[in-house]
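Colleague: Each chain, written out:
Number of protein chains: 2
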Amino acid sequence: MSDKGGRERLVVIGGDAAGMSAASQARRMRKPDELEIVAFERGHFTSYSACGIPYWVSGDVGERDELIARTPEEHRERDIDLRTRTEVVEIDPERRAVRTRDLDAGTEAWTGYDKLVIATGARPVRPDMPGMDAPGVHGVQTLDDGQALLDSLALDRGRRAVVVGAGYIGVEMAEALIKRGYEVTVVNRGSEPMSTLDPDMGRLVHRAMEGLGITMVGGAEVTEVRTGDDGRVRSVVTRDAEYPADVVVLGIGVRPETGLARAAGLPLGAHGGLRTDLGMRVRGHEDIWAGGDCVEVVNLVSGREQYVPLGTHANKHGQIIGTNAGGGYATFPGVVGTAVSKVCDLEIARTGLREKDAERVGLRFETVTIESTSRAGYYPGASPMTVKMLAERGTGRLLGVQIVGREGAAKRVDVAAVALTAGMTVERMTALDLGYAPPFSPVWDPVLVAARKATAKVRG
Amino acid sequence: MSDKGGRERLVVIGGDAAGMSAASQARRMRKPDELEIVAFERGHFTSYSACGIPYWVSGDVGERDELIARTPEEHRERDIDLRTRTEVVEIDPERRAVRTRDLDAGTEAWTGYDKLVIATGARPVRPDMPGMDAPGVHGVQTLDDGQALLDSLALDRGRRAVVVGAGYIGVEMAEALIKRGYEVTVVNRGSEPMSTLDPDMGRLVHRAMEGLGITMVGGAEVTEVRTGDDGRVRSVVTRDAEYPADVVVLGIGVRPETGLARAAGLPLGAHGGLRTDLGMRVRGHEDIWAGGDCVEVVNLVSGREQYVPLGTHANKHGQIIGTNAGGGYATFPGVVGTAVSKVCDLEIARTGLREKDAERVGLRFETVTIESTSRAGYYPGASPMTVKMLAERGTGRLLGVQIVGREGAAKRVDVAAVALTAGMTVERMTALDLGYAPPFSPVWDPVLVAARKATAKVRG
Chain A
1 MSDKGGRERL VVIGGDAAGM SAASQARRMR KPDELEIVAF ERGHFTSYSA
51 CGIPYWVSGD VGERDELIAR TPEEHRERDI DLRTRTEVVE IDPERRAVRT
101 RDLDAGTEAW TGYDKLVIAT GARPVRPDMP GMDAPGVHGV QTLDDGQALL
151 DSLALDRGRR AVVVGAGYIG VEMAEALIKR GYEVTVVNRG SEPMSTLDPD
201 MGRLVHRAME GLGITMVGGA EVTEVRTGDD GRVRSVVTRD AEYPADVVVL
251 GIGVRPETGL ARAAGLPLGA HGGLRTDLGM RVRGHEDIWA GGDCVEVVNL
301 VSGREQYVPL GTHANKHGQI IGTNAGGGYA TFPGVVGTAV SKVCDLEIAR
351 TGLREKDAER VGLRFETVTI ESTSRAGYYP GASPMTVKML AERGTGRLLG
401 VQIVGREGAA KRVDVAAVAL TAGMTVERMT ALDLGYAPPF SPVWDPVLVA
451 ARKATAKVRG
Chain B
1 MSDKGGRERL VVIGGDAAGM SAASQARRMR KPDELEIVAF ERGHFTSYSA
51 CGIPYWVSGD VGERDELIAR TPEEHRERDI DLRTRTEVVE IDPERRAVRT
101 RDLDAGTEAW TGYDKLVIAT GARPVRPDMP GMDAPGVHGV QTLDDGQALL
151 DSLALDRGRR AVVVGAGYIG VEMAEALIKR GYEVTVVNRG SEPMSTLDPD
201 MGRLVHRAME GLGITMVGGA EVTEVRTGDD GRVRSVVTRD AEYPADVVVL
251 GIGVRPETGL ARAAGLPLGA HGGLRTDLGM RVRGHEDIWA GGDCVEVVNL
301 VSGREQYVPL GTHANKHGQI IGTNAGGGYA TFPGVVGTAV SKVCDLEIAR
351 TGLREKDAER VGLRFETVTI ESTSRAGYYP GASPMTVKML AERGTGRLLG
401 VQIVGREGAA KRVDVAAVAL TAGMTVERMT ALDLGYAPPF SPVWDPVLVA
451 ARKATAKVRG
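Residue numbers (our numbering), protein chains in the order written: chain A, 1 to 460; chain B, 1 to 460.
Hints are computed from structural coordinates only; laboratory data are not their basis. Just so we're clear, the structure is a prediction, and the values are computed from it rather than from any experiment. For each residue, glycine too, the CB sits at the ideal point set by N, CA and C. A few of these clues could be false.
[Stated by the list, open to error] With a Cα cut of at most 35 Å, we get these calculated DSBU-like pairs of lysine-lysine: (1) Lys453(A) <-> Lys31(B); (2) Lys457(A) <-> Lys31(B); (3) Lys31(A) <-> Lys457(B); (4) Lys457(A) <-> Lys356(A).
[Claimed, not checked] One-sided excerpt, in silico: chain B residues whose CB lies under 8 Å from chain A: (5) Val413; (6) Asp414; (7) Gly435.
Pulled out of the complex, with its shape left as it was, chain A reads as follows (with noise of 0.2 Å):
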């Protein structure tokens, strides 16, 4: 595809955050007589912060266009050739060329690439059962989903709002309903919140979500969505019980958008998500990189690939990708499965694995769950907070931290997620030079407290 005077094009396919990412880098790594850049997005908007969703339902981001990172304009302003309402329909690694089309006009086109970057995202899950497309059901994956959303709360029904799934988007889902003032019912099909917690620190963001007048039903499955006269949702419907709902939001996950790739023989993996090399080239497909939620990654303790749809990643990824298209050189190692979540003043936080991860690829360990605070515990406003360590039996080596407690709680895991890179032991990280002051920490560090333990109980 390159043209007369030996331009290359690049392609990318999806413009949020890994597809703008690796577009930016890319143009900064090549001047556009070098590099043509052609980036088809099918929605409206670009670089925005589907992360954000939660804070602009709940209020505390008064404006949507506050998520949005840079715009399409913004990108053809840096010579980005970026065209919006546009949904690539085909990849055609053969003749190097996407079909795509005009969603407004209905028209159909292809376009060569001599480089190609998928970034197509992810999908929600929607169960198949009756009512689930009713109005007043909602996802919260895009911009679009967010309004949708915030119209429907605009119709001011009624004040009783259920949430289907009580992981990230669930429990930031409940926080913006109860800010907003609703009665709020999370529905989870697990006993306990979070799954991506053991059960006995799932089971403290229970409580404290209890606490904060959020209505927690566990091991429960939705069977149905009921209607009113209206055709609106009135109720979501369980195998025990009936919860009436003057809204819904579904926040039971997403998957990997690959249909397109799926069509076009890429190779993908155990959990639907693009294969890629640590360069994240696509397989066997020297011109063809893929990042984002539209991938899985190598978790580094265990080994093994992994679904973890994130932003943080898909920015990552798009800056490897724009390396690499642009003619440079960077890798994405893989990540140690760190994540943060808020609800109201309960920080939740994990890392690494949890025991039901460790015991699937075979590892034996310890684990040990200590309590402590946030400052020093005679400083103004010690929190207590709750971490709960896993280390390797033998090696002693750290595999996993979950920390669930109020301010100054979530981000103590990023010392764990350095440990888990660095491949440190849990008595190595007894000795760790964490910064102590009175209103920051205890003078043992809340982390530093579980390694001693962990320690300990690893030497027996």
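Guided by the hints, dock chain B onto chain A, whose structure is given.
Modeller: Structure of chain B alone, referenced to chain A:
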């Protein structure tokens, strides 16, 4: 000194963090019928948080006793023979005995030991100049010092306070006095406050402290403290000016309290602190350990010995010493030089080497400084943060990080502290899987933004 039953005696000199942590840990390891533990403390108090004194003075901590983690009585209940108001005045390593003085009775006695722990702490620097001992001039090293300052403030003779020195203690005391409604002037020898930071970062602290209403005087050498007719402090005089003062607080640092050790011929380092091995044994003395503010420690980044008086290290040393003196095995590998501090809502953090530290040990390096925010830019309460990073030229190894910001800034330095401990390059850091959600971080954590920029600079 073993008595008939073969019971050994452990003598501890100093009843604060290092000494009593050592005693407590040795007690956990060995029962009273195996190990007798005798601890001497010249003051009234044990196991207190000297770092908490500024917050007691400010009123944030209501009662002195909240700063005491364990009283003499509590130690005695754990079978530690603790003797307060008893000063050790001589160590005789040949005879394995210490000479003590009962400060109330005035009597002296010798006590033999099988194992000795030296935890004599630090003493504040008090320049030898007129008026330095006048009433109204206060150090803040001990609980007794804190009480004397509070008594002085209670006299309510005026609202003008001068703090001499703008290190950690100086800035924390400036906050304490601002909170008590004083007009605060900080007089500092260096041109910028916080000489533990590079001057460019110190300048940010300077500006922020002025913004808090604190008068900052840099490059000023105090020559005299003038007193009034009543003999109390009246002003602080520098070469160029005179600053009226109703109360003066000294924050010009501390030196290791190693007079006893020096007289006993024990090995001291260039900074005047005791030199130990990794097990915190005094070098060349199998049965003497030392820890806390009276020892030097290895900086793992520079490989040089350093003097870092800090409660968190003292507690770790005590833990290591108690384990070893109790017949176990543990080591203290060293520090990376992490410190965090707070003045009103300003947070200050550093770890690793400053520019001048790196130069001194012959390291060539690159520096970058970036601006970011504590939370996603659109999330309420996102506050600006400046991160400076040093990386070794060529290898790209992380050498140091300094952070100045508001809420959520300081503890981010822990990520760099762990990375320094692991010897990571800044490029490896760019891929760190740090916790991301809008209330906690921008999608690129500020530390990662700095690492990216440092990587680009190292790569040239």
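Colleague: Against this structure, judge whether each hint is valid.
Modeller: Hints versus structure:
no., hint, verdict
1, Lys453(A) <-> Lys31(B), "20 Å, holds"
2, Lys457(A) <-> Lys31(B), "20 Å, holds"
3, Lys31(A) <-> Lys457(B), "20 Å, holds"
4, Lys457(A) <-> Lys356(A), "19 Å, holds"
5, Val413, "5 Å, holds"
6, Asp414, "5 Å, holds"
7, Gly435, "4 Å, holds"
In terms of the numbered hints stated before, the structure departs from none.
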